[in-house]
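> With the sequences and hints as input, model every part of the structure.
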Amino acid sequence: MNKIFSFFLTLILFASCSQYQKALKSDDVSVKTEAANKMYEGGKYLKAIRLYEQVAPAYKGKPQAERLFYMYSKSLYNTKQYYLAGYQFENFAASYPKSEKREEASFLASECFYKLSPVYSLDQTDTDKALEKVQKFIDTYPNSEYLPKANEYVKELREKLEKKAFEIAKQYNSISDFKAALKAFDNFIVDFPGTPYKEKALYYRLDSAYKLAINSIESKKQERLAYAKTTYANLMKFKSDTSYKEEADKMLATIEQELQQFSK
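The sequence shown begins at 1 in my numbering and counts up one residue at a time.
One or more of the hints may lead you astray.
[Said to hold, decoys possible] DSBU-like cross-link-like pairs, simulated, lysine-lysine; straight-line CA separation at most 30 angstroms: (1) K245 x K221; (2) K149 x K198; (3) K198 x K179; (4) K38 x K22; (5) K239 x K183; (6) K170 x K198; (7) K136 x K179; (8) K80 x K198; (9) K80 x K163; (10) K101 x K44; (11) K179 x K164; (12) K44 x K22; (13) K22 x K80; (14) K38 x K62; (15) K237 x K170; (16) K155 x K183; (17) K129 x K115; (18) K155 x K170; (19) K250 x K239; (20) K115 x K38; (21) K250 x K200; (22) K170 x K62; (23) K170 x K160; (24) K250 x K163; (25) K160 x K149.
Source of the hints: derived by calculation from the structure; they are not laboratory data.
Here it is in structure tokens:
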């Protein structure tokens, strides 16, 4: 029984491959299209893509183009070719504003850009782009069935940008570029007011301000010490029982001791 089943399965697969090869070599657009649709329906998306690419120019401006370009875009998506799929879905949404597939295509376009966003430690240009695309979808379709998923993507993308910004600021502190660290932490605290990294950001801003002040030339030392004292106060105001209190109190003691020389 198993041998018979295997035999018929082999025949079906052979027939499918044979049909695909004939379609590739055919000059008949309808033959190619029919084969492409069968490949798509059978989940053979790479083969479908090859055929759709061959017939696409012949369908531009024709009524049948809508379905064809949707299936072509979906084939790209299903094979994880997200750059191309995102472009094709956006083009589909723009070309067919009255299509019942427009909302889905718009969402899948934004999802493609989301999937292209790299881990936080890498360059976040694609994350910025993804956030822009997903937010645009949300603004365009505020009642969409895809809204919960889109909101999840926005949250995740923002968290990624947040972590990246924090790590950049912390890196400036680590390499003793305290001026850059202060600017980066200032921007971070303003840009992400509700961040879970706020306590750490306030501490490292204090640490950067303290080290910059202590190592300053005399003409800038008093001003920088006063600023460092302010950053201590900001940390304590945010969380008086901070886990960094011991280190912060030691810095404050040194800051006040250093400031005394300017009051004489």
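> Give a verdict on every hint.
Status of the hints after comparison with the structure:
Taking the CA atoms of K245 and K221, the gap is about 24 angstroms. The hint holds against a cut of 30 angstroms. In summary, the hint linking K149 to K198 is supported, as the alpha carbons are separated by about 27 angstroms, within the 30 angstroms threshold. This hinted pair checks out: K198 and K179 have alpha carbons roughly 19 angstroms apart, not beyond 30 angstroms. At most 30 angstroms may separate the alpha-carbon atoms for a hinted pair to count; K38 and K22 meet this at roughly 13 angstroms.
Taken as a hint, the K239 and K183 pair is honoured in the structure, with Cα atoms around 22 angstroms apart against an allowance of 30 angstroms. Between K170 and K198 the alpha-carbon distance is near 12 angstroms, which keeps this suggested pair within the 30 angstroms criterion. Under the criterion of a C-alpha separation no larger than 30 angstroms, the hint pairing K136 with K179 is inconsistent with the structure, at around 36 angstroms. With a C-alpha separation of about 37 angstroms, the suggested pairing of K80 with K198 is violated against the 30 angstroms cut-off.
The hinted pair formed by K80 and K163 meets the criterion: a straight-line CA distance of about 26 angstroms does not exceed 30 angstroms. Distance hint between K101 and K44 is fulfilled; the C-alpha atoms sit about 22 angstroms from each other, no more than 30 angstroms. Only pairs whose Cα atoms come within 30 angstroms are accepted, and K179 paired with K164 is accepted, the gap being roughly 19 angstroms. For the proposed pair K44 and K22, the alpha carbon gap of about 16 angstroms is at most 30 angstroms, so the pair holds.
Among the hinted pairs, K22 with K80 is consistent with the structure: their alpha-carbon atoms are about 27 angstroms apart, no more than 30 angstroms. Pair hint K38 plus K62 holds up; C-alpha atoms about 21 angstroms apart against a cutoff of 30 angstroms. Between the alpha carbons of K237 and K170 the distance comes to roughly 21 angstroms, so the proposed pair stays at or under 30 angstroms and holds. A distance of roughly 25 angstroms separates the Cα atoms of K155 and K183; the hinted pair therefore holds under the 30 angstroms criterion.
Distance restraint check for K129 and K115: the Cα-Cα separation of roughly 11 angstroms lies within the 30 angstroms cut-off, and the hinted pair is therefore satisfied. Note on K155 and K170: the hinted pairing holds, with a Cα-Cα distance of about 22 angstroms set against a maximum of 30 angstroms. For a cut-off of 30 angstroms, the pair hint linking K250 to K239 stands: about 17 angstroms separates their Cα positions. Annotation: proposed proximity of K115 to K38 holds, straight-line Cα distance about 28 angstroms (limit 30 angstroms).
Under the criterion of a C-alpha separation no larger than 30 angstroms, the hint pairing K250 with K200 is consistent with the structure, at around 17 angstroms. Between K170 and K62, the direct Cα distance comes to roughly 56 angstroms. Violation of the 30 angstroms bound is thereby established for this hinted pair. In summary, the hint linking K170 to K160 is supported, as the alpha carbons are separated by about 15 angstroms, within the 30 angstroms threshold. Between K250 and K163 the alpha-carbon distance is near 28 angstroms, which keeps this suggested pair within the 30 angstroms criterion.
With a C-alpha separation of about 17 angstroms, the suggested pairing of K160 with K149 holds against the 30 angstroms cut-off.
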